[in-house]
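Could you put together the complete structure from these sequences and hints?
Per the working numbering, the very first residue in the sequence shown carries number 43; after that it's consecutive.
No lab work stands behind these hints: they were computed from the structure.
Beta carbons are placed, not taken as given, at the ideal position from N, Cα and C, and that holds for glycine.
Wrong hints could be hidden among the right ones.
Pairwise CB distance ranges, derived in the manner of DEER restraints [stated by the list, open to error]:
1. Val211 x Ser165: 42 to 48 Å
2. Val397 x Ala215: 39 to 45 Å
3. Glu240 x Asp354: 29 to 35 Å
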Amino acid sequence: MDSAWLVPAALAVGAVLGAGIFAIVMVAHARGQRAVAVVSSAVPDGVDQVIDALESAGVVLDPSNNVVKASPGALAFGLVFNQALVHPELVKLVDTVRRNGEPITEELSLSRGPFGEAVIHLSVRVARLGARYILLLAEDRTESYRLEEVRRDFIANISHELKTPIGAVGLLAEALVSASKEPEQVKRFAKRLTKESERLARITQEIIELSRLQATDALTKADLVDIDHVVARAIDQNRVVAEAHRVHLVSGGDAGAEVYGDEELLVTALHNLVANAIQYSPDGSRVGVGVNQSDGIVEIAVTDQGVGIEEDEQDRVFERFFRTDPARSRNTGGSGLGLSIVKHVVQNHGGDVRVWSQPGSGSTFTIRLPEASHASATSLGAAAS
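In C-alpha coordinates:
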(Lines of atoms letter the chains of each structure in order from A and count residues from 1; the text may use other names and numbers.)
(Lines give C-alpha, C1' and ligand atoms only; values in the text may rest on other atoms or scores of the structure.)
Protein backbone atom coordinates (compact mmCIF):
# COMPACT_ATOMS: atom_id res chain seq x y z
CA MET A 1 0.00 0.00 0.00
CA ASP A 2 1.26 3.47 -0.92
CA SER A 3 1.90 5.35 2.30
CA ALA A 4 2.20 8.74 0.64
CA TRP A 5 -1.47 9.55 1.19
CA LEU A 6 -1.61 8.36 4.87
CA VAL A 7 -0.16 11.53 6.36
CA PRO A 8 -2.62 13.93 4.69
CA ALA A 9 -5.49 11.58 5.56
CA ALA A 10 -4.42 11.44 9.20
CA LEU A 11 -4.19 15.21 9.36
CA ALA A 12 -7.65 15.53 7.85
CA VAL A 13 -9.13 13.08 10.37
CA GLY A 14 -7.39 14.91 13.20
CA ALA A 15 -8.82 18.21 12.05
CA VAL A 16 -12.30 16.74 11.89
CA LEU A 17 -11.96 15.19 15.32
CA GLY A 18 -10.57 18.44 16.73
CA ALA A 19 -13.44 20.42 15.30
CA GLY A 20 -15.88 17.88 16.73
CA ILE A 21 -14.37 18.03 20.20
CA PHE A 22 -14.35 21.85 20.11
CA ALA A 23 -18.01 21.82 19.11
CA ILE A 24 -18.85 19.42 21.94
CA VAL A 25 -16.98 21.65 24.42
CA MET A 26 -18.82 24.75 23.22
CA VAL A 27 -22.19 23.00 23.50
CA ALA A 28 -21.33 21.80 27.00
CA HIS A 29 -20.23 25.30 27.95
CA ALA A 30 -23.47 26.78 26.64
CA ARG A 31 -25.50 24.21 28.53
CA GLY A 32 -23.46 24.91 31.65
CA GLN A 33 -24.17 28.62 31.30
CA ARG A 34 -27.88 27.90 30.98
CA ALA A 35 -27.71 25.66 34.07
CA VAL A 36 -25.96 28.41 36.00
CA ALA A 37 -28.65 30.82 34.93
CA VAL A 38 -31.33 28.40 36.12
CA VAL A 39 -29.82 28.05 39.63
CA SER A 40 -28.71 31.70 39.85
CA SER A 41 -29.92 33.55 42.91
CA ALA A 42 -30.76 36.63 40.83
CA VAL A 43 -34.38 37.68 41.36
CA PRO A 44 -36.68 38.58 38.44
CA ASP A 45 -36.12 41.92 36.72
CA GLY A 46 -37.35 44.91 38.70
CA VAL A 47 -37.84 43.07 41.99
CA ASP A 48 -34.49 44.27 43.36
CA GLN A 49 -35.51 47.90 42.98
CA VAL A 50 -38.94 47.31 44.51
CA ILE A 51 -37.51 45.51 47.57
CA ASP A 52 -34.91 48.25 48.11
CA ALA A 53 -37.65 50.91 47.99
CA LEU A 54 -39.87 49.23 50.59
CA GLU A 55 -40.14 50.93 54.00
CA SER A 56 -41.75 47.77 55.35
CA ALA A 57 -40.10 44.34 55.43
CA GLY A 58 -39.71 42.51 52.13
CA VAL A 59 -37.89 39.21 51.57
CA VAL A 60 -37.40 37.03 48.45
CA LEU A 61 -36.51 33.35 48.96
CA ASP A 62 -35.27 30.74 46.50
CA PRO A 63 -36.46 27.09 46.34
CA SER A 64 -34.05 26.16 49.16
CA ASN A 65 -35.46 28.92 51.41
CA ASN A 66 -32.24 30.91 51.06
CA VAL A 67 -32.82 34.66 51.25
CA VAL A 68 -31.68 36.15 47.93
CA LYS A 69 -33.00 39.65 48.63
CA ALA A 70 -34.09 41.48 51.79
CA SER A 71 -35.25 45.06 52.30
CA PRO A 72 -33.69 47.34 54.94
CA GLY A 73 -36.90 46.96 56.95
CA ALA A 74 -36.50 43.17 57.09
CA LEU A 75 -32.98 43.59 58.46
CA ALA A 76 -34.09 46.23 60.98
CA PHE A 77 -36.85 43.94 62.28
CA GLY A 78 -34.32 41.12 62.67
CA LEU A 79 -36.22 38.79 60.32
CA VAL A 80 -33.13 37.76 58.33
CA PHE A 81 -29.70 36.55 59.39
CA ASN A 82 -27.01 34.63 57.47
CA GLN A 83 -29.19 34.31 54.31
CA ALA A 84 -32.07 32.68 56.20
CA LEU A 85 -35.30 33.61 57.97
CA VAL A 86 -34.75 33.83 61.72
CA HIS A 87 -38.23 32.95 62.97
CA PRO A 88 -39.69 29.43 62.54
CA GLU A 89 -43.17 30.94 62.24
CA LEU A 90 -42.16 32.67 59.00
CA VAL A 91 -40.48 29.55 57.63
CA LYS A 92 -43.69 27.60 58.26
CA LEU A 93 -45.74 30.14 56.26
CA VAL A 94 -43.26 30.00 53.38
CA ASP A 95 -43.35 26.19 53.31
CA THR A 96 -47.16 26.22 53.30
CA VAL A 97 -47.30 28.59 50.33
CA ARG A 98 -44.65 26.58 48.49
CA ARG A 99 -46.68 23.42 49.07
CA ASN A 100 -50.18 24.78 48.32
CA GLY A 101 -49.39 27.60 45.93
CA GLU A 102 -52.00 29.88 47.55
CA PRO A 103 -51.06 33.25 49.15
CA ILE A 104 -51.35 33.54 52.95
CA THR A 105 -51.90 36.58 55.20
CA GLU A 106 -51.47 36.22 58.97
CA GLU A 107 -50.91 38.35 62.08
CA LEU A 108 -47.81 37.18 63.96
CA SER A 109 -46.13 38.19 67.22
CA LEU A 110 -42.39 37.53 66.93
CA SER A 111 -39.47 38.00 69.30
CA ARG A 112 -37.75 41.30 68.75
CA GLY A 113 -34.15 40.45 69.61
CA PRO A 114 -31.85 37.55 70.45
CA PHE A 115 -32.99 37.62 74.09
CA GLY A 116 -35.60 39.26 76.27
CA GLU A 117 -39.39 39.26 76.21
CA ALA A 118 -40.03 42.12 73.78
CA VAL A 119 -42.08 41.23 70.69
CA ILE A 120 -42.91 42.83 67.38
CA HIS A 121 -46.40 42.45 65.90
CA LEU A 122 -46.47 41.97 62.12
CA SER A 123 -49.08 41.50 59.44
CA VAL A 124 -47.35 39.01 57.12
CA ARG A 125 -48.25 38.29 53.47
CA VAL A 126 -46.55 35.36 51.70
CA ALA A 127 -47.06 34.54 48.00
CA ARG A 128 -45.31 32.98 45.02
CA LEU A 129 -43.07 35.19 42.90
CA GLY A 130 -42.87 33.54 39.49
CA ALA A 131 -42.28 29.80 39.28
CA ARG A 132 -39.33 29.50 41.65
CA TYR A 133 -39.34 32.28 44.22
CA ILE A 134 -41.40 33.16 47.31
CA LEU A 135 -42.13 36.75 48.30
CA LEU A 136 -42.69 37.64 51.99
CA LEU A 137 -44.00 41.07 52.96
CA ALA A 138 -44.47 42.22 56.56
CA GLU A 139 -46.13 45.38 57.90
CA ASP A 140 -45.37 46.53 61.45
CA ARG A 141 -48.52 46.59 63.60
CA THR A 142 -46.68 46.99 66.92
CA GLU A 143 -47.76 50.60 67.36
CA SER A 144 -51.48 49.83 67.20
CA TYR A 145 -51.03 46.98 69.70
CA ARG A 146 -49.12 49.28 72.03
CA LEU A 147 -51.72 52.04 71.86
CA GLU A 148 -54.50 49.63 72.79
CA GLU A 149 -52.44 48.25 75.66
CA VAL A 150 -51.65 51.76 76.88
CA ARG A 151 -55.32 52.71 76.83
CA ARG A 152 -56.26 49.72 78.98
CA ASP A 153 -53.32 50.08 81.36
CA PHE A 154 -53.73 53.82 81.83
CA ILE A 155 -57.33 53.40 82.95
CA ALA A 156 -56.35 50.53 85.26
CA ASN A 157 -53.44 52.51 86.72
CA ILE A 158 -55.56 55.55 87.49
CA SER A 159 -58.33 53.55 89.16
CA HIS A 160 -55.78 51.48 91.11
CA GLU A 161 -53.39 54.08 92.48
CA LEU A 162 -54.56 57.68 92.15
CA LYS A 163 -57.69 57.21 94.22
CA THR A 164 -55.66 56.88 97.43
CA PRO A 165 -53.82 60.24 97.39
CA ILE A 166 -56.84 62.00 95.85
CA GLY A 167 -58.99 60.72 98.72
CA ALA A 168 -56.34 61.77 101.24
CA VAL A 169 -56.19 65.30 99.79
CA GLY A 170 -59.95 65.61 100.11
CA LEU A 171 -59.97 64.43 103.75
CA LEU A 172 -57.10 66.72 104.70
CA ALA A 173 -58.82 69.68 103.10
CA GLU A 174 -61.89 69.00 105.20
CA ALA A 175 -59.72 68.64 108.31
CA LEU A 176 -58.13 72.03 107.61
CA VAL A 177 -61.54 73.68 107.53
CA SER A 178 -62.51 72.05 110.82
CA ALA A 179 -59.24 73.06 112.50
CA SER A 180 -59.15 76.62 111.17
CA LYS A 181 -58.96 78.06 114.69
CA GLU A 182 -56.14 75.75 115.79
CA PRO A 183 -52.84 76.95 114.28
CA GLU A 184 -50.84 73.86 115.24
CA GLN A 185 -53.40 71.52 113.74
CA VAL A 186 -53.53 73.65 110.60
CA LYS A 187 -49.74 73.39 110.25
CA ARG A 188 -49.80 69.63 110.74
CA PHE A 189 -52.61 69.06 108.23
CA ALA A 190 -51.03 71.48 105.73
CA LYS A 191 -47.73 69.58 105.94
CA ARG A 192 -49.48 66.28 105.28
CA LEU A 193 -51.49 67.88 102.47
CA THR A 194 -48.29 69.07 100.81
CA LYS A 195 -46.77 65.61 101.11
CA GLU A 196 -49.82 63.93 99.56
CA SER A 197 -49.98 66.46 96.73
CA GLU A 198 -46.30 65.86 95.94
CA ARG A 199 -46.92 62.12 95.95
CA LEU A 200 -49.91 62.60 93.66
CA ALA A 201 -47.83 64.67 91.22
CA ARG A 202 -45.02 62.09 91.27
CA ILE A 203 -47.37 59.15 90.62
CA THR A 204 -49.09 61.05 87.80
CA GLN A 205 -45.76 61.84 86.16
CA GLU A 206 -44.59 58.22 86.39
CA ILE A 207 -47.86 56.91 84.96
CA ILE A 208 -47.48 59.31 82.04
CA GLU A 209 -43.86 58.21 81.58
CA LEU A 210 -44.79 54.53 81.67
CA SER A 211 -47.62 55.10 79.18
CA ARG A 212 -45.23 56.95 76.85
CA LEU A 213 -42.77 54.07 77.00
CA GLN A 214 -45.48 51.61 76.04
CA ALA A 215 -46.83 53.86 73.30
CA THR A 216 -43.58 54.57 71.46
CA ASP A 217 -40.59 52.63 70.23
CA ALA A 218 -37.36 53.91 71.76
CA LEU A 219 -35.34 52.61 68.83
CA THR A 220 -37.11 54.48 66.03
CA LYS A 221 -34.48 57.19 66.46
CA ALA A 222 -31.68 55.14 67.96
CA ASP A 223 -28.26 56.74 68.46
CA LEU A 224 -24.93 55.34 69.58
CA VAL A 225 -24.93 55.56 73.40
CA ASP A 226 -21.82 55.58 75.60
CA ILE A 227 -22.62 53.39 78.63
CA ASP A 228 -19.86 55.05 80.70
CA HIS A 229 -21.72 58.34 80.27
CA VAL A 230 -25.05 56.74 81.21
CA VAL A 231 -23.54 55.32 84.42
CA ALA A 232 -21.90 58.62 85.34
CA ARG A 233 -25.15 60.56 84.88
CA ALA A 234 -27.27 58.07 86.83
CA ILE A 235 -24.84 58.11 89.75
CA ASP A 236 -24.62 61.91 89.72
CA GLN A 237 -28.43 62.20 89.86
CA ASN A 238 -28.50 60.06 93.02
CA ARG A 239 -25.44 61.50 94.76
CA VAL A 240 -27.26 63.97 97.02
CA VAL A 241 -29.69 61.34 98.34
CA ALA A 242 -26.84 58.85 98.79
CA GLU A 243 -24.80 61.34 100.81
CA ALA A 244 -27.82 62.13 102.99
CA HIS A 245 -27.98 58.42 103.91
CA ARG A 246 -24.18 58.00 103.98
CA VAL A 247 -24.42 55.45 101.17
CA HIS A 248 -21.18 55.18 99.19
CA LEU A 249 -21.70 54.99 95.40
CA VAL A 250 -18.98 53.21 93.38
CA SER A 251 -18.68 52.22 89.71
CA GLY A 252 -16.33 50.07 87.68
CA GLY A 253 -15.98 47.29 85.14
CA ASP A 254 -15.39 47.37 81.39
CA ALA A 255 -14.96 50.84 79.90
CA GLY A 256 -15.98 51.92 76.41
CA ALA A 257 -19.15 49.83 76.05
CA GLU A 258 -21.67 51.18 73.53
CA VAL A 259 -25.25 50.34 72.58
CA TYR A 260 -27.80 51.72 70.15
CA GLY A 261 -30.74 53.48 71.79
CA ASP A 262 -32.03 56.56 73.62
CA GLU A 263 -29.55 57.88 76.19
CA GLU A 264 -32.16 59.76 78.23
CA LEU A 265 -34.32 56.65 78.65
CA LEU A 266 -31.33 54.50 79.60
CA VAL A 267 -30.26 57.09 82.18
CA THR A 268 -33.81 57.07 83.59
CA ALA A 269 -33.79 53.26 83.86
CA LEU A 270 -30.38 53.13 85.58
CA HIS A 271 -31.30 56.07 87.82
CA ASN A 272 -34.36 54.16 89.04
CA LEU A 273 -32.25 51.09 89.88
CA VAL A 274 -29.67 53.14 91.78
CA ALA A 275 -32.41 55.09 93.63
CA ASN A 276 -34.08 51.82 94.65
CA ALA A 277 -30.76 50.42 95.85
CA ILE A 278 -30.19 53.49 98.04
CA GLN A 279 -33.77 53.43 99.34
CA TYR A 280 -33.55 49.82 100.51
CA SER A 281 -29.98 49.97 101.86
CA PRO A 282 -28.97 50.73 105.45
CA ASP A 283 -27.14 53.97 106.19
CA GLY A 284 -23.40 53.67 105.80
CA SER A 285 -23.54 50.82 103.26
CA ARG A 286 -22.38 50.72 99.64
CA VAL A 287 -24.12 50.60 96.24
CA GLY A 288 -22.06 49.51 93.23
CA VAL A 289 -22.64 49.91 89.50
CA GLY A 290 -20.60 47.54 87.30
CA VAL A 291 -20.38 47.20 83.52
CA ASN A 292 -19.42 44.02 81.69
CA GLN A 293 -19.35 43.34 77.94
CA SER A 294 -18.91 39.92 76.36
CA ASP A 295 -20.36 37.83 73.52
CA GLY A 296 -22.16 40.83 72.03
CA ILE A 297 -23.97 41.70 75.28
CA VAL A 298 -23.50 44.71 77.57
CA GLU A 299 -24.48 44.12 81.20
CA ILE A 300 -25.01 46.92 83.74
CA ALA A 301 -25.36 45.54 87.27
CA VAL A 302 -26.53 47.54 90.30
CA THR A 303 -25.64 45.82 93.59
CA ASP A 304 -26.69 46.88 97.09
CA GLN A 305 -26.19 45.62 100.65
CA GLY A 306 -29.81 46.11 101.59
CA VAL A 307 -32.66 44.08 103.01
CA GLY A 308 -32.99 41.81 99.97
CA ILE A 309 -36.12 40.36 98.35
CA GLU A 310 -37.90 37.14 99.23
CA GLU A 311 -37.67 34.47 96.52
CA ASP A 312 -41.43 34.29 95.94
CA GLU A 313 -41.52 38.07 95.33
CA GLN A 314 -38.61 38.31 92.88
CA ASP A 315 -40.75 37.44 89.85
CA ARG A 316 -43.19 40.23 90.74
CA VAL A 317 -40.88 43.19 91.41
CA PHE A 318 -41.31 44.52 87.86
CA GLU A 319 -45.12 44.59 88.08
CA ARG A 320 -46.80 47.99 88.22
CA PHE A 321 -47.34 49.24 91.78
CA PHE A 322 -45.84 46.13 93.36
CA ARG A 323 -43.89 46.95 96.54
CA THR A 324 -41.82 44.48 98.54
CA ASP A 325 -42.22 46.72 101.60
CA PRO A 326 -45.39 48.85 101.26
CA ALA A 327 -44.83 50.70 104.53
CA ARG A 328 -41.28 51.69 103.57
CA SER A 329 -42.44 52.76 100.10
CA ARG A 330 -45.13 55.01 101.56
CA ASN A 331 -42.64 56.62 103.91
CA THR A 332 -40.18 57.32 101.11
CA GLY A 333 -42.83 58.34 98.61
CA GLY A 334 -42.29 55.38 96.30
CA SER A 335 -45.01 54.77 93.72
CA GLY A 336 -44.15 51.18 92.80
CA LEU A 337 -43.67 52.16 89.15
CA GLY A 338 -39.88 52.62 89.04
CA LEU A 339 -38.96 49.02 88.22
CA SER A 340 -41.80 48.73 85.72
CA ILE A 341 -40.36 51.74 83.90
CA VAL A 342 -36.93 50.06 83.94
CA LYS A 343 -38.39 46.91 82.38
CA HIS A 344 -40.11 48.77 79.55
CA VAL A 345 -37.08 50.92 78.76
CA VAL A 346 -34.84 47.86 78.51
CA GLN A 347 -37.35 45.87 76.45
CA ASN A 348 -37.72 48.77 74.03
CA HIS A 349 -33.96 48.50 73.51
CA GLY A 350 -34.16 44.78 72.69
CA GLY A 351 -32.76 43.66 76.06
CA ASP A 352 -33.92 42.31 79.40
CA VAL A 353 -33.47 42.98 83.11
CA ARG A 354 -32.82 40.35 85.78
CA VAL A 355 -32.75 40.26 89.55
CA TRP A 356 -30.77 38.21 92.05
CA SER A 357 -31.45 38.67 95.73
CA GLN A 358 -31.03 37.05 99.10
CA PRO A 359 -32.87 38.38 102.17
CA GLY A 360 -30.45 40.07 104.50
CA SER A 361 -27.61 40.02 101.96
CA GLY A 362 -28.74 42.54 99.36
CA SER A 363 -29.83 42.47 95.71
CA THR A 364 -28.35 42.77 92.23
CA PHE A 365 -30.38 44.09 89.29
CA THR A 366 -28.76 43.52 85.89
CA ILE A 367 -29.69 45.29 82.65
CA ARG A 368 -28.63 43.33 79.52
CA LEU A 369 -28.48 45.08 76.14
CA PRO A 370 -27.19 44.12 72.66
CA GLU A 371 -23.72 45.60 72.17
CA ALA A 372 -23.55 48.22 69.40
CA SER A 373 -20.52 46.73 67.65
CA HIS A 374 -22.12 43.27 67.67
CA ALA A 375 -25.44 44.63 66.40
CA SER A 376 -23.78 46.53 63.55
CA ALA A 377 -21.69 43.52 62.55
CA THR A 378 -24.82 41.38 62.49
CA SER A 379 -26.63 43.90 60.31
CA LEU A 380 -23.70 44.12 57.93
CA GLY A 381 -23.55 40.33 57.69
CA ALA A 382 -27.26 40.13 56.97
CA ALA A 383 -27.07 42.94 54.41
CA ALA A 384 -24.16 41.24 52.67
CA SER A 385 -26.19 38.05 52.39
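Next on the checklist: Please check whether Val397 and Ala215 have a Cβ separation lying inside 39 to 45 Å.
Outcome noted: holds, 40 Å
Next on the checklist: Tell me if the beta carbons of Val211 and Ser165 are separated by a distance inside 42 to 48 Å.
Outcome noted: holds, 46 Å
Checklist entry - Lying within 29 to 35 Å: is that true of the beta-carbon distance Glu240 to Asp354? => result Holds, at about 32 Å.
Checked against the numbered hints above, the structure violates none of them.
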